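Protein chains in written order, with this note's numbering: chain B, 394 to 617; chain D, 28 to 338.
Source of the hints: derived by calculation from the structure; they are not laboratory data.
Owing to the predicted nature of the structure, the values given are computational and were not obtained by experimental measurement.
Any given hint might turn out to be false.
[To be verified] Ranges of calculated distance between the beta carbons of each label pair, as one might list FRET restraints:
{"#": "1", "chain 1": "D", "residue 1": "Asp239", "chain 2": "B", "residue 2": "Gln592", "range": "40 to 46 Å"}
{"#": "2", "chain 1": "B", "residue 1": "Lys461", "chain 2": "D", "residue 2": "Gly254", "range": "57 to 63 Å"}
{"#": "3", "chain 1": "B", "residue 1": "Pro452", "chain 2": "D", "residue 2": "Ile113", "range": "51 to 57 Å"}
{"#": "4", "chain 1": "D", "residue 1": "Ile113", "chain 2": "B", "residue 2": "Cys524", "range": "22 to 28 Å"}
{"#": "5", "chain 1": "D", "residue 1": "Gln306", "chain 2": "B", "residue 2": "Ala525", "range": "44 to 50 Å"}
{"#": "6", "chain 1": "B", "residue 1": "Gln449", "chain 2": "D", "residue 2": "Thr57", "range": "55 to 61 Å"}
{"#": "7", "chain 1": "B", "residue 1": "Arg516", "chain 2": "D", "residue 2": "Lys309", "range": "22 to 28 Å"}
{"#": "8", "chain 1": "D", "residue 1": "Glu274", "chain 2": "B", "residue 2": "Asn567", "range": "32 to 38 Å"}
{"#": "9", "chain 1": "B", "residue 1": "Ser601", "chain 2": "D", "residue 2": "Gly254", "range": "44 to 50 Å"}
{"#": "10", "chain 1": "D", "residue 1": "Glu179", "chain 2": "B", "residue 2": "Glu496", "range": "48 to 54 Å"}
{"#": "11", "chain 1": "D", "residue 1": "Glu175", "chain 2": "B", "residue 2": "Phe511", "range": "38 to 44 Å"}
Where is the CB? At the ideal position from N, CA and C, for every residue including glycine.
Single-letter residue listing:
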Amino acid sequence: MIVADQKPIEEILQMLEPYKRVLLLGCQSCVAVCMAGGEKEVGLLASAVRLARTSQGRPIEITEGVVKRQCDDEFNDLWRETIEQQEAVLSLACGVGVNKLSERFDLPILPALNTKFFGEVERQGIWTEVCAGCGNCILHMTGGICPIARCAKNLLNGPCGGVRADGTCEVSRNGPRPCAWVLIYERLGKLNQRKNMEQLFAAKDWSSDRHGGPRRRIREDMLL
Amino acid sequence: MIDSTLKRALESKRFVVTAECGPPKSADRTVIEKKAQLLKDWVDAANVTDNQTAVTRMSSLAACAILKSLGLDPVFQITCRDRNRIALQSDILGAYALGIRNVLCLTGDHQSFGNHPQAKGVFDLDSVHLIETVRRMRDEGKFLSGDELTGERPAMFIGAVENPFAPPYEFRALRLKKKVEAGAQFIQTQIVYNIQRFREFMARVGDLGLLDKVYILAGVSPIKTPGAARYMRDNVPGLDVPNEIVERMEAAGKGIEDKKARAEAWRQEGITICVEIIQQLKEIEGVSGVHIMAIEWEEAVPEIVRRAGLR
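One chain only, chain B, in its complex shape (with noise of 0.2 Å):
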């Protein structure tokens, strides 16, 4: 899923400050499966921004919502005699809603949230980069372990010196995570598939990745 961050309300009322009606719009996607911006936390920011607002001596009339893709104009078109009436739009969906909203839509539509990666539950509360998108996938090479977004300096031929005594990589701002070219080695011995850690790995093409540019998916048959 895509893993987002509520940002710091200070933030938010920063930007929400030359604003007097708003739409705080959530998102039933990822953004709720991963608590930052489903249906709760819509209610939560609401609630919060409203009580600073008013000791400001400053209120805000607030609408609260959730569509159930923010990255889909079927959904937001819903709200859209809401959308419409309003000063702005405070999104809580990933950084695709509020691109999606913008386009659609001639207010200001604001970012409640940083979106940060694709992620799995490492555990309840815990989220993990695991895909980094670079669009030319080679899990089938690395025991289904990926070294473009589990590696710091995504490495393609082993470990670089790093790697502390116990396993875990010299870069850790969240806290130690175990390297990510320890990980494929010992599955890789499991899989009876060293070999592919053996043999030259070819440079990367990164147009597949976002250096070529934005990137876009085209289904002819699915054209209307």
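Using the hints, position chain D against chain B.
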């Protein structure tokens, strides 16, 4: 024909010495000139680090050109952290045009450790790709993309690094093999403090049949203080400092009240340990020389080389 002093020294089969020359955090060329004077008569070649630990410094390419003009044989360290494949290949061509004949291909320390942790890391290629790219430019006259060079090829002596002291230990010799297959002709290793583990690594390298395919220079570094020894033991991933070395450093300063005298006693012990390690390394099959990384302590290099009987 590769016109490298380092290559000729290694081919002569005598025990070779290289040393690290760290560029300044300034535009002051006299820093390089002074270090060059210190090292000149004691080393076969001098490595210039490339924004080591991701701290911005004078460019390794520029500092290499200065060393070259002063009669040293520079080893141009080039990392994949700050350059994509376009810039890497461009700098290889530029380095050769400036007379630089040795290149050490590295992935590079992660930007989060340096003085610009907000930086965007590049990592377009990894070190193995970079080795292969330089080899291709030199031997096939082609860029990584297959596009042809249109004139003189960069006849570089190609180096790489390996760290025997980071997990998975059994894979480290295989990783070195990959680098040799990609085109590495010499290897400079991580600093050796744990001789036993290094012996095991070299035995694996030997078992893989690599000893006649690549020259291996073992990394060494003199320790200045017991604090530095403890810090490296406890906090630097990929370094393996046995307790025995920490204890020797601590013992060296015991009972010496005068601060200056104590610091000097520590330094002497650090140099002694370094010399002893070199003497043990000389006995290991396949070790062609040492690479001395006296970080911001280049003054120690002549004494180490002299006491180890290498000059």
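Quiz item: Holds or violated: 57 to 63 Å for the Cβ distance of Lys461 of chain B and Gly254 of chain D?
Solution: holds (60 Å)
Practice problem: Could you say whether the range 55 to 61 Å given as a hint is met by the Cβ separation of Gln449 of chain B and Thr57 of chain D? | Solution: Holds, since Gln449 of chain B and Thr57 of chain D (Cβ atoms, about 59 Å apart) stay within the stated range.
Quiz item: When you take the CB atoms of Pro452 of chain B and Ile113 of chain D, is the distance between them in 51 to 57 Å?
Solution: holds (56 Å)
Practice problem: Evaluate the given range 44 to 50 Å for the C-beta pair formed by Gln306 of chain D and Ala525 of chain B. | Solution: This hint holds: roughly 48 Å between Cβ atoms.
Self-check item: Beta-carbon spacing of Ser601 of chain B to Gly254 of chain D - inside the hinted bounds 44 to 50 Å or not
Solution: About 49 Å separates the Cβ atoms of Ser601 of chain B and Gly254 of chain D, which means 44 to 50 Å holds.
Practice problem: With 48 to 54 Å as the target window, see if Glu179 of chain D and Glu496 of chain B comply at their CB atoms. | Solution: holds (52 Å)
Quiz prompt | Distance restraint hint 40 to 46 Å, applied to the beta-carbon atoms of Asp239 of chain D and Gln592 of chain B | solution = violated (22 Å)
Practice problem: Return holds or violated for the Cβ distance of Arg516 of chain B and Lys309 of chain D against the range 22 to 28 Å. | Solution: Roughly 52 Å apart at Cβ, these two residues miss the hinted range, so it is violated.
Practice problem: Could you see if the CB distance from Glu175 of chain D to Phe511 of chain B stays within 38 to 44 Å? | Solution: holds (39 Å)
Quiz prompt | Range agreement (Cβ of Cys524 of chain B with Cβ of Ile113 of chain D, hint 22 to 28 Å) | solution = At roughly 27 Å between Cβ atoms, Cys524 of chain B and Ile113 of chain D fall inside 22 to 28 Å, so the hint holds.
Quiz item: When you take the CB atoms of Glu274 of chain D and Asn567 of chain B, is the distance between them in 32 to 38 Å?
Solution: At roughly 36 Å between Cβ atoms, Asn567 of chain B and Glu274 of chain D fall inside 32 to 38 Å, so the hint holds.
Of the numbered hints given earlier, the model fails hints 1, 7; all others are met.
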